[in-house]
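> Each chain is listed here by its residues.
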Amino acid sequence: MSLTECGLPPIDAGQPIRDAVIDLTEAAGAIHTHAGTITRGWTGLAHSYHAPEQHLVLQAMSPAETHARDAESLARKAGSALITYANRCDELRRTKSVLAKDIRDHNARPEDHGGSLLDKAARWTGIDELGRLAVEEALLNRCNQLQADLDEAQRTCANALGRLYSVGAHYEPVGQTTVTDPTVYGLTADGYGQLARAGDTPWGTPAAWQHAGTLTQVYLVGRGGADSVVGLVGLVGDLAQVGTTRESRAAWSGLWQLTTDLGTVANPAALPATLLGVGPAGEARGRLWSTAKAGVGWDTWGTSPYYTAGGFLPDALSAYATGGTAVAGRTAFKGALSAAARRLPARATSIERLASAQRALASSAGRLNTRSLDQVAHLSERLPSGPRPAHAAAGSGWRTPAGPTQHDGVWLHQADQPAAAARPDTRTGPTHGRLDPGVYARKTVKARTTALDAVLKNWDGMHVTVGHDAIALTRERMHHFLARHHPQYWDGSVKKRQSFVDPETSLQEMERLIRATLFANRHIIATTGSDYRKLKARVDGATWVMAIDNGYIRMFYPEEKSL
Amino acid sequence: MTQWNIAHVDALGVVSRAATSALAYQGKFRGYETATGTLGSALTYSPLVAKALSDLTTSAVVPHLDEVAGRTGSAIRGTNAAIGFYERGQLDMAADAQRNAGLAPCPTPPGSRRTTPKALRRPGREAPE
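Order-wise, the sequence lines are chains A and B. Everything in the first sequence is counted per my numbering, starting at 1 for the first residue and increasing by one. Everything in the second sequence is counted per my numbering, starting at 1001 for the first residue and increasing by one.
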């Protein structure tokens, strides 16, 4: 296992964000301008409308303009935050590009087999391996920092957006707030360093962590011990500050949760729930199990065994010095610290839960209640010189037709049919109720295949590092997945149990779903390798089925659900 | 106190032009919706930012735009009704309708097809569907 640039985090390009922000602010500005135009026209009533309390009528249009102005103001402020974020994305993309090149260069560099006496001595003593480890760890730290910087950029932007309205969330990284805080996102570089120890970072780990010569082993053991002591002292320092710093609050909340979990599990009345793993007792059991595993470095033995072993040296020494009494306390501290840290992946990977955010964003503006405008449309038919809008005659509002229906994240129908009755019975249809092939047959198979070829024209496959294994997806397989399961590119073939992805799913979203499915199964892959295996994962509310074989992804599709 | 004196043809002309202009909101709202969707596509790898923006749009921007549509609609409908009642000499009804013109619209229950509040229906005429 070594570092790989393929695992570096994907970062959005800044320019499309800036372009979209301009569109958004212009659209909000157009609404405000239009409201101003209507309000100015409304003032013409002052010449023809005189009545007691006439100001109610003459000023009736002003609130609309005020709200339009407020909406535009929000859009502009949000745009400002987003442009800052877009600029930061560009900086991070440049950093990533340099880092990826450095990793590639390092991996391509052949081992030094120089014949000089000095080279031989360096190889024999293991100094050259130590030097290589130092270079790889420096690269690893840069990878960790890049991901942490990306997380921070997202948090900064999200917090700026949250400050624009009263109930906006404020996000913190794991370890900087209480362990029960639901608005945590991402990690610090140190946090990613801990993930790397467990082999959970997609950019890999230095090869020498596992396969090292004697000198490197000794060095790693020593550093593991030193880091353990430093970490423990840091934890004690945080606890001593009793809630005055964010780290202190995080440490105390971790300890408090550990205590309450122990109390929950120790309650005899909760024994059945604890054993069955259901309810709060089941959750407490899960957390305690994680804490226990963290205490013994369960996840890190496989990836960095010498470093992990070094972490236990201080325990052994203190056990010897105190007759064993210090070890229990230290393990509890380590467990608490680790529990907070180990919870971080679960929280940090809430990225999977956030994955539908784009879709939510796309539909958020569609929640406008414009019923009042529909009423105006009807009214304008009766007023003198009022035009008759075509859509009013048709009896429909401006709103676009209802979108496709979704079951657990899997899109089953093209729902832009005029009436539900036109759709086939979803339980008895010729495709076993998954989808009416005729709906998508409005475009010919050839047209869809051409579109698919165009989408994949510049796509050269993808590589994902999971634990110790590199897993690849070829262009041919992605072509197959999309042709079989994407309504926009469907080749028309129907299997006994046929499922489809959301018609709006982009190629990038497919990549993300594939990465998320692999990530969810990382422990299985780490244990069993990348030989033939069928995997399942729950992503975006749907169950996804994947087959990997000898390092390649062979199948990927959403599991069909019974209605 | 100002007396009732409405030049109803002129007044209805203003209301009619406002109603015609208000229909253009539909396209502008759709433009905003499209721009939001485009932004969502540009934030493919920024799920937290997309979520925060989605929350902002849902919780803050959309309510303002709802108010734009609602206030515009109630102003036009209320004023139109007031002019109608004035024409028929029902000044009390006209005063009520006038007050409704300055109010935020009552929220309509989901699924309801009623387009005009009962109080504003013209006597002897069915509200348009």
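These aren't lab readings, by the way, just hints derived from the structure by calculation. Everything numeric in this text was worked out from a predicted model, so none of it was measured. Some hints here could point you the wrong way.
Here's a subset of chain B near chain A, in silico, CB distances under 8 Å, partners left out [said to hold, decoys possible]:
no., residue
1, V1061
2, A1082
3, D1092
4, M1093
Positions of the beta carbon are idealized from the N, C-alpha and C atoms, including for glycine.
> Holds or violated: is there a CB of chain A closer than 8 Å to the CB of A1082 of chain B?
This hint holds: A1082 of chain B lies near chain A, its Cβ roughly 7 Å from the closest one there, short of 8 Å.
> Verify the interface restraint on D1092 of chain B: the C-beta must sit less than 8 Å from at least one C-beta of chain A.
Since the shortest Cβ distance to chain A is 11 Å, the answer is violated.
> Double-check M1093 of chain B for me: the hint is only fine if its C-beta lies closer than 8 Å to a C-beta in chain A.
12 Å, violated
> Would you check whether V1061 of chain B satisfies its interface hint, that is, whether its CB is within less than 8 Å of any CB in chain A?
Holds - the Cβ of V1061 of chain B comes within 8 Å of chain A, reaching about 5 Å at its closest.
Going down the numbered hints, you'll see the structure goes against 3, 4, while the others check out.
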